[in-house]
Amino acid sequence: MREYHQCSQCHLVFVPDRFVLSNADEKALYDLHENVPGDAGYEKFLSRAAKPLADYFPPNARSEAMQGQRRGLDFGCGRVQVLAHMLSTAPYNFSMDAYDLYYFPENRHFLEREGHYDFITATEVLEHLQDPFSVLRTLWRCIRIGGVLVIMTKRVHGTIDSFCNWHYIRDPTHITFFHQDSFQWLADFLPSEGEACFARFVSADVVLLIKQQSKEI
Numbered sequence: 001m002r003e004y005h006q007c008s009q010c011h012l013v014f015v016p017d018r019f020v021l022s023n024a025d026e027k028a029l030y031d032l033h034e035n036v037p038g039d040a041g042y043e044k045f046l047s048r049a050a051k052p053l054a055d056y057f058p059p060n061a062r063s064e065a066m067q068g069q070r071r072g073l074d075f076g077c078g079r080v081q082v083l084a085h086m087l088s089t090a091p092y093n094f095s096m097d098a099y100d101l102y103y104f105p106e107n108r109h110f111l112e113r114e115g116h117y118d119f120i121t122a123t124e125v126l127e128h129l130q131d132p133f134s135v136l137r138t139l140w141r142c143i144r145i146g147g148v149l150v151i152m153t154k155r156v157h158g159t160i161d162s163f164c165n166w167h168y169i170r171d172p173t174h175i176t177f178f179h180q181d182s183f184q185w186l187a188d189f190l191p192s193e194g195e196a197c198f199a200r201f202v203s204a205d206v207v208l209l210i211k212q213q214s215k216e217i
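The sequence shown begins at 1 in UniProt numbering and counts up by one.
Hints should not be assumed to be uniformly reliable.
Said to hold, decoys possible - The list that follows gives simulated cross-link-like pairs (lysine-lysine, DSS-like), each with its CA atoms no further than 27 Å apart:
hint : residue 1 : residue 2
1    : Lys-51    : Lys-154
2    : Lys-27    : Lys-44
3    : Lys-44    : Lys-154
4    : Lys-27    : Lys-154
As the list claims (entries may be wrong) - Cβ pair distances, simulated, as ranges:
hint : residue 1 : residue 2 : range
5    : Gln-130   : Gln-212   : 40 to 48 Å
6    : Asp-188   : Arg-144   : 15 to 23 Å
7    : Ala-24    : Asn-107   : 18 to 26 Å
8    : Gln-6     : His-109   : 34 to 42 Å
Everything labelled a hint here was simulated from the structure, so no lab data went into it.
C-beta atoms are modelled at their ideal positions from N, C-alpha and C, and glycine is treated no differently.
Using the sequences and the accompanying hints, generate a full structural model.
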């Protein structure tokens with residue numbers, strides 16, 4: 001049985017290092033995923049992040065021409081780039097890049113493009129990260145002022161008993177579990193000088209981290 005620790009400041013829950021799978025074992029489990037573009041059920045699931053992203057941009061900036069000028073990165077896209085494909089086609093029509101540690105490592109240079117992206121998506125990714133705050137800071141630097149980081153991950157809530165019975169912790173690749181307070185803490189942690197971060201909670205598992213100039217909040 002795994003142990004779980006919780007940060008006293010941000011309430012993030014995580015497992016000790018000894019419970020973290022090797023890269024090879026983790027990838028072997030990811031290889032079992034069968035998500036593909038056109039899978040209506042999976043695309044409906046991803047739309048819980050895609051629709052709030054599209055709604056984030058002002059209505060007069062949502063024409064097909066304007067959307068095509070907006071560039072996004074799907075971080076942790078998986079073996080098949082389902083979300084990137086969705087967002088690059090109607091009704092979204094964004095210009096998309098994609099990166100994955102295991103399946104598209106050659107695209108790591110996308111993570112070096114400071115201030116380049118209008119948005120970055122990370123759907124069902126954060127729960128797999130051993131050092132999530134470092135990764136999120138890297139992603140944050142890649143987003144321009146006025147852009148947004150779209151995160152989908154189930155959040156910790158309720159009692160210890162409810163956590164122990166939570167299906168989400170049964171997946172051995174799930175090693176980090178965010179609390180709502182974790183994202184509020186991130187809003188203070190992520191910004192550099194002159195920046196501000198605003199956490200907008202869209203649903204029980206989707207949050208937008210909005211990057212603005214500090215004077216705008």
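Of the numbered hints stated earlier in the document, which are not met by this structure? Number 5 - this is the single hint that the structure violates.
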